[in-house]
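When you get a sec, could you build the whole thing from the sequences and use the hints?
-12 is the number of the first residue of the sequence shown in this note's numbering; add one for each residue after it.
It is worth saying that the hints were derived from the structure and are not from the lab. Yeah, the Cβ is synthetic: ideal placement off N, Cα and C, and Gly gets one too. Treat the hints with care, since some could be wrong.
[What the hints assert, rightly or not] Listed next, with one range per pair, are the computed distances between beta-carbon atoms:
| no. | residue 1 | residue 2 | range |
| --- | --- | --- | --- |
| 1 | D167 | T9 | 16 to 26 angstroms |
| 2 | G32 | A98 | 17 to 27 angstroms |
| 3 | A18 | A162 | 34 to 44 angstroms |
| 4 | A128 | D167 | 15 to 25 angstroms |
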Amino acid sequence: MSAPLRARTPASHFEALYESSTDPWDYLSSAYESEKYAATLAAIGPGPFAGALEVGCSIGIFSAMLAPRCGELVAMDFSARALRLAGARLADLANLELVQGSFPEQAPERAWELVVCSEVLYYLDRPALAMALQWLRVQLAGGARVVVVSWRGPCTSEPLCGDEVHDMLVAELAAEHAFDGRSEGYRLDCFDRNER
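As structure tokens, then:
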């Protein structure tokens, strides 16, 4: 018997998390986060990337690390509160624009050289993930590098599990799959038609 389908995680869930803590996932102090950031930056490469989109930027910790590799970085999140915190932290970055919206429906319409989705796609339900796959496929066709990172722990309230998301991505985007990195805690896949 298959597991019941879960609905997409609503914006209210994230607003409540950021209401209770300004750093609900311990981005500033977690060894897991530090290791994941280093691995993600290594997979991304030195750049420079003229235009990059970071989906699920949260409070902007990784955004600050990514911005020096980008001519322009658009950092997107579902949560208005998270973006306010990111805005305060990143106010001195002239090449950064913060955008509130739901991915993929409200992703800024343009061709990107880099798209980073870190710990966000498993919050989508299957129909939204199918839309995201199509959106990512268009970006890859336009020459983007796509880097996806997901937590590999048990999924209790998320609609999808991290490995499940990555298995779907690799199956759908096999021709562009350039790198597979796994640790006990996270999975990282890089897709790039050009293999820079």
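Cross-check of the supplied hints:
The beta-carbon spacing between D167 and T9, approximately 34 angstroms, falls outside the hinted interval of 16 to 26 angstroms. Remark: the range hint 17 to 27 angstroms for G32 to A98 is upheld by a beta-carbon distance near 18 angstroms. Hint check: A18 to A162, Cβ distance near 35 angstroms, so the stated range 34 to 44 angstroms holds. For the pair A128 and D167, the beta carbons lie near 21 angstroms from each other, so the given range of 15 to 25 angstroms is met.
Consistency with the previously given hints fails for number 1 only.
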